[in-house]
Amino acid sequence: MSSMALRTVDRDSLFTRLDFRPKLFMIAVITVVAFVWEDPLMGGGLALTVLLACLAAGVRPGYIRTVLLLMLPFSLILILTQGFFSGALLTNLTGLQPDSFHMLFVFPAAWPLIGSAGLSWEGVQYALNIIAKSLTMTLVIPLGIFTTDVDTMIVGMVKARIPYKIAFVFSSTLRFFPLLFARTQAIIEAQRLRGLAFETMGPVKRLRVYARIVVPLILSALNESQMLDVVLQSRAFDGSPDRTYLHDSRLMAADYALFGLFGLFLLTAIIGYVVFGVGKFTGVLW
Amino acid sequence: MPEAIATFDKVSYMYPRSTALVLRDISLEIRKGEFLGLIGPSGAGKTTLCLAFNGIVPQFYGGRFFGAVNVAGLDTLEHPISTLARYVGIVLENPETQITATSVENEIAFALENLKVPRDEILARIPRVLEAVRLEGMEHRHPQELSGGQKQRLAIAAMLAVRPSLLVLDEPTSQLDPVGAHEVFRTVQELNRELGVTIVMASHAAEELAEYADRLVLLNAGQIVDEGPPAKLYTQVELMQQLHLRPPGVTRTFHYLRKAGFSIPELPVTLNQGIAAIKPLATACHRQASEGQLAPAPRDGRPLVSVTHLTHTYDDGTQALRDISLDIHRGEYVLITGQNGAGKSTLVRHFLRLLLPTDGEVRIDGVPTRDLSISALARRVGYVAQNPDNQIFNTTVEQEIAFALRYLDMATGEIRSRTERSMAAMGLQDVRDRHPLSLPRGERARVVIAAILALEPEVVIFDEPTTGQDYQGARAILRLTKQLHNAGKTVIVITHHLYLMAEYAERVIVMGKGTLLRDAPIRVVFHETDVLASTYLTPPQAVQLAQALTEATGIPLLCLTPQEVAGALVCDTTGRSL
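Residue numbers (the working numbering), protein chains in the order written: chain A, 1 to 286; chain B, 1 to 578.
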């Protein structure tokens, strides 16, 4: 299949058979819960569950690996910044004073500027919580999107009372990304074929060369989008919601069950958090 | 006479921010059930005219519009495009940009949904139009899984489903290989002849238009120069040549014969007419016209490119190349041809180390490509891609040519001297300060070639350089390849436009389904029609006429061009010569 095709799963599973509406609801609930929960263990558990669900649904391990690799530098920066500098925030959340934090590492006092600065276990935990949130929110989207055909997605979104124009723009964007990615690869390849040895270039020089991609990329994207506009108009598209649909979007028992399950999950999570403090950041993992 | 389905009444048009008219005083009537071909050089206004049928011009683009276009009784200025889309279906040049859905059935349904056709009716129309374009059973396939020809047929099906009064096709085969182009022409012909669909098709495919079109309209600089049946227009060979257009090969052959003194009352425009007309001439004396090479030229020394038992299997398990072995020596001009998916591009990507062999070996000047980096190889093997725009990154022509040199730690003096040499070789000195993307496509290709020449490679590969080009543009690029070859470069051209290559290539490598089908001099390969047919290629009409002569006389005539065929019939004893 051409790189223009949206990255979808090949495996038939419960996720591919569900209507897009309960999946949208699932994405919303998981995002809200991930946002609310501050406890790294619970957040991590949620992230792990979503990751396993992605694998079960057939999201390619290579894609998940890429997401994890892209998140790695961000995660390391979070651990360092939160571990070293989140004292006031942690005090606010846990009531613990910085001198009672469990220090994993402290720079010698004699060192200039960073002397006596320490990496606290509580700060690292808080960073892990943010990483888990980000991971959950990043992986729940492919779980919902990659398991749905784009055309079915539009029907589902319209049935969910999302304006047709927005649904169409959303689906067009999804289709456009692989195209842009393929074009970027083609341009980088063209640069390499001009004898540019990226492997021996320093990061600054490499960045300067990569920056040159922008011009041909934007020009080709503009050209493609104008052509697409011509094609759409030629096919009587005017963005009007007053249209018919080839595919019907009907909720089945499994869809209602998913609505119920995630509704209950959201309710439980909110009550648990507000009433019993379940999911709150305590700073105590052991 | 059938009623008119579309009329242009003194139409002139100017795009926004432009001072030149793209269409000038066009008056035209398209009659119900006819197949009208639009011909003309690039920039003649064919695409603009096509887009005026459904109101895209001027409603979408804006600009200044004069006169009136009336389609199925509707004035295109007074009705929105979405209403006109019910009556006019349009198929564009690039099959890739026309896909809007993720399944074949959704692609067909899209326009119907927009036109509020009830679901049951949509479901009923889908199998019917798929049958009409011979894509039955593909309802649930992803359009990206289809070949180029199938995608264009899908675009046609999507338009047909609307049951338009008129189907407009703008260069629908220019991006396709011969088999894809044949599929599209056959489908359009069936729709026209069997279902009575009115067709307007802009195309440079002279042989096919001569065969299928009822009437041609010749456009130049936005104006109608002439109109009439193909036999009227294509036989005006001088006019065609003056406008940089290519009449069918068969017409050109008989034009040369007429110039040589033969009595040709009417120039044929189709191959069958040509074969019927040339056989009586074969009774005249003729001579062997195979002055070119018939056996591979003996080559000494180490090959520049050496491929040994090369096999390549992609990650998804597709075996793209199987046990390919060949050598290319310094100074050769090689044509690599074959249908889409034959393995041509996969093969040359190994020369550039963009791919590594799954099995076997590729050596450049004796060194395995595995031991070289892409950048190191790029300095020896230049590559000109089909779309030059993806290879342009800078804001002036001069900077573009010097771009790679600056990153190769070259001395400033050396950069300047190489840039100047390359610019001079490609005749770009006068546009050195222009933005490369502001230049016409042909010149943009020159800029890319100049940038590659600045690296002083020994081999230059041209990947489908003529796809999407008109005859003039294609010839201009091929002349450049010859110029490089004459300057001592090894030139490799990948194309399936065989009719363009007769005057350029010396050796032809024919590929099919990942295997090497034939590797021999061009004069031999072009006459092995079975080998070419096995990879869905058709030899130029001149070759087919020569074969008809061979059949008629029993004397092998390995001609490649119209001039050679005509020359073969010139009788030495009477002194007639071309």
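Hint data in this document are derived by calculation from the structure and do not stem from the laboratory. For clarity, every value in this text was computed on a predicted model and none was experimentally measured. Note that beta-carbon positions come from the ideal geometry of N, C-alpha and C, so glycine has one too. The reader is advised that the hints may include incorrect statements.
Derived list of chain A stretches under chain B, where covered just means 3 residues or more per stretch with a C-beta under 8 Å from a C-beta of chain B [as the list claims (entries may be wrong)]:
{"hint": "1", "segment": "87 to 101"}
{"hint": "2", "segment": "190 to 197"}
{"hint": "3", "segment": "208 to 219"}
Tested hints:
1. With 0 residues having a beta carbon nearer than 8 Å to a beta carbon of chain B, the segment 87 to 101 of chain A misses the requirement of three or more and the stated coverage is violated.
2. Coverage of the segment 190 to 197 of chain A by chain B holds in this model, with 8 residues showing a Cβ closer than 8 Å to a Cβ of that chain against a need of three.
3. Under a criterion of three residues with beta carbons nearer than 8 Å to beta carbons of chain B, the stated coverage of the segment 208 to 219 of chain A is upheld, 6 such residues being counted.
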